[in-house]
Amino acid sequence: MSRVAKAPVTLPKGVEVKIGDSHIEVKGPKGTLSVPRAASIGVELVDGKVQIQLEETTNTAMAGTMRALIANTVVGVSEGFERKLELVGVGYRASVQGRELNLSLGKSHPTVFTAPEGISIETPSQTEVLIKGSDKQLVGQVAAKVRSFRPPEPYKGKGVRYSGERIQLKEAKKA
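In the working numbering, the protein residues as written are 67 to 241.
Just so you know, these hints were derived from the structure itself, not from any lab. Quick caveat, the model's predicted, so the values are computed rather than measured. All clues given are correct.
The calculated lysine-lysine pairs, modelled on PhoX-like cross-linking and capped at a C-alpha distance of 20 Å, are:
id : residue 1 : residue 2
1  : Lys198    : Lys96
2  : Lys224    : Lys239
3  : Lys150    : Lys198
4  : Lys96     : Lys79
5  : Lys96     : Lys202
6  : Lys173    : Lys222
7  : Lys224    : Lys150
8  : Lys93     : Lys115
So the derived label-pair ranges between C-beta atoms look like this:
id : residue 1 : residue 2 : range
9  : Gln207    : Asn168    : 18 to 24 Å
10 : Lys93     : Lys222    : 44 to 50 Å
11 : Ser88     : Lys173    : 40 to 46 Å
Don't be surprised by glycine CBs; every beta carbon is placed ideally from N, CA and C.
Please model the complete structure; the sequences and the hints are all you need to start from.
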């Protein structure tokens, strides 16, 4: 079994795990999430910890993946996940109206993005976008979608980037 799968997932207070035949349901203060269960992986609840058992020795990689997915859902329903995006460029702005994110990204028209269910979007300033939710995969997917509207360009670095992302700038052509 993988080293990741050997470590149990500790459940914080207020988080409940229900293990079914086809999926594992995790309930917490921030909502309920479900993880599909692999057929050859055994999952059991022992003393407030979720443990992974391998029923077949051929599928060791999937045991580590199952443990990581369960750990991510436990963190998601208890604390939640967030991704921060920065808008770099003259006139690049973001604003939120209800569930819609309005982006002015130097195009002839504003880009409007509707947040999916389970995701909340905030704009602390006009050049920052905070994407929050309990599903780690969905938060990352929404952040990547918003970034794809105007990815950072390599000459001036203008565009939508993740907070802390470094852009390797190219040197301009010389005459």
